[in-house]
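Trainee: So the chains spell out like this:
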Amino acid sequence: MSQKLLLSGKEINIILQRLACQLVENHKDFQNSALIGIQPRGSFLAQRLYHILDKDYGLNALKFGKLDITFYRDDFRRGDKMLKANETEIDFIVENKNVVLIDDVLFTGRSIRSALTALQSFGRPSKIELLTLIDRRFSRHLPIQPDYNGRKVDAINDEHVKVCWKENDGEDAIYLMNN
Amino acid sequence: MKELSVSNLLGIKYLTTEDLHLIFETADQFKEIINRPIKKVPSLRDITIANLFFENSTRTRLSFELAEKRLSADIINFSASSSSVTKGETLVDTVNNILAMKVDMVVMRHPNPGAGVFLSKHIGASIINAGDGAHEHPTQALLDVYSIREKYGDVKGKKIVIIGDIMHSRVALSNIFALKKLGAKVKVCGPNSLIPKHIESLGVEVEYNLAAALEWCEIANMLRVQHERMEHSYFPSTREYVQQYGVNKALLDTLSKPITIMHPGPINRGVEITSDVADSEHSIILNQVENGVAIRMAVMYLLASKIKQYEN
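The listed protein sequences derive, respectively, from chains F and S. Sequential numbering of the first sequence, starting at 1, is according to full-length UniProt numbering. Sequential numbering of the second sequence, starting at 1, is according to full-length UniProt numbering.
Relax, there's no trap hidden among the hints.
Taking lysine-lysine and the BS3-like style, the derived pairs with C-alpha atoms no more than 30 Å apart in a straight line are: (1) S:K181 <-> S:K159; (2) S:K197 <-> S:K181; (3) S:K2 <-> S:K180; (4) S:K40 <-> F:K84; (5) S:K13 <-> F:K84; (6) S:K31 <-> F:K127.
Treat the hints as calculated values from the structure; they're not laboratory data.
The following block holds chain S by itself, in its conformation from the complex:
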């Protein structure tokens, strides 16, 4: 059987189509396991994983932690706010100090784009990017695409629109890479000010009219409005954003067919999406959360298989 072509998961950009299929097929088995009475397997019981979160996160950190525990790995957690980073320690020094404690794998979230790539050039441990600034969030994209695959059987040829703050979204970029690699048709939709220039070069179309985008697609992936990443004002007011790019039930009812609703969370209820849409039968938001654990288990299992026993 083929193994992953990479030793680190830094971004979807670096994965092959075969890698994506291998991750999904492995996640299928883990999904069955996490629905058993005992949800734990002993595969990674000799692996130590450090979760380094230089930026706040709740759901991603919990999902990784649960995945690690279900694989029987030993874990240590680190958050920048309570560490020597605040005393001026460099990223490489921080990580090397943690690795000196015989850590095999690092799951890192960092506010700076490229932090994972930088680290991979300086340390030998396997790195999983859990979000680097506005760059990539590969495991989120994997679980998003896996959820589409689960619902539709195949991603190829599916029409997906990514709606909202494309500019600041690492989820959007990773999703575009993953969906395009698997042959999906992708559009992005949002205010002009939040659509990056030259986004078409990634093979996606831009649609500024929300109703037209929704009518075209089979799946709508709503993105959170990331107020914390906006140094400038990108749209006049939240109220105006809601009027133009907020998805509500009345809007969905005007479409000729029902569409599947996705959201990476956390949801700003009433902003990018209303509660009746988020909680509707067409929403697969909670499936995404469940699939996140299976996908992260698959990624860590496949990367761990490349860390040979006797190299430790």
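For reference, chain F alone in the conformation it holds in the complex:
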């Protein structure tokens, strides 16, 4: 297996600052908006953006949640691997909120479809947007596109994108892995 560095920690940081800036442009003071990270990896990205919005923009009352989609996935009983459920933490009402769903890599779009179904179990948001760090734009199975995106990556099928976070993997970096 070979790997190629796509983005360094410094580059990731610049992208995060830009994404946070775009969110503030559209959601202003986040009065009626919320960030929800898709478990497990999207939550790291969501948490980073939450900290930037809190520290740099003073949005300390920002609503932030984590959504697990395991029980909503359409590949249950299809793979060899057992699907492990993660924690869901949404301690606010999503009804009539503008929700920004956050995931690290947008690949087939199936996780996002599951997340949209899962989110409906908490109520009916007035609007849902999608923010991703990496968009593998030619790999979609479903008609789903991000509203905010860090970097577009063209990868062939036996390649995959690995996003590493300091808090989980010891470094901030994004690699293109060749299987």
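Chain S: place on chain F using the hints.
Mentor: What follows is chain S alone, placed relative to chain F:
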């Protein structure tokens, strides 16, 4: 992630400690789900489950049914009293006829111990034992232990006494297996006539004095006096049983510390437990009922993950 080591849930005896932890961790997620505004997930929408109750049950059947519906499974219900079993059909024939309707999973309660194990040798569908005679009631034990884990954080080292009709209780046996696997200290307490011989071989101690047992434990799991399973008289009168083994508030007030009260239900109020104890702040009886749905969802989800899509 590891999966369950078994394809059927026939008894706690057949589960590993890792299986128990996996079921509890999965139940944690389902517990969060059943407290959402919309309590349903689509996980089992292509699974059909038959609830075969060859013996009467209300709460277990309702709990399973609700768990199945919340997982979006299709369900069919069967009760022996209104079926061909009364015409002499065998268990295997009955179940095979139901399976011919493309059923993937069977939840079965049966009056005979070992009915689930017997069936598992003759049919290919996944079987969940919802109580087989006086043998095992694994989902009840799982929800009991889960409720203890929820209240205390860990089961290891906890002192639990199971009180009452140990002899006829499948709940007692499954509880003992589960608690011992997780490192709890277990005593049983009841009239001599209702304590099976050699019960100590399961790693539990026997205590005939209720007050001493309660003083020792942190958690008391009260069992129902099962009049329907007693062909003989095991104690002179219900009144005498209440005097010796009934738990009331006055008795609990004499203890040096409050203890947690559990009961698998249905309660004979005023027999094994008085109302003021059953409804007290130390009782987790209703938590057990709520946890029952989450545990059954977890068990069915984990077993269903072993039924591969294309084998159907």
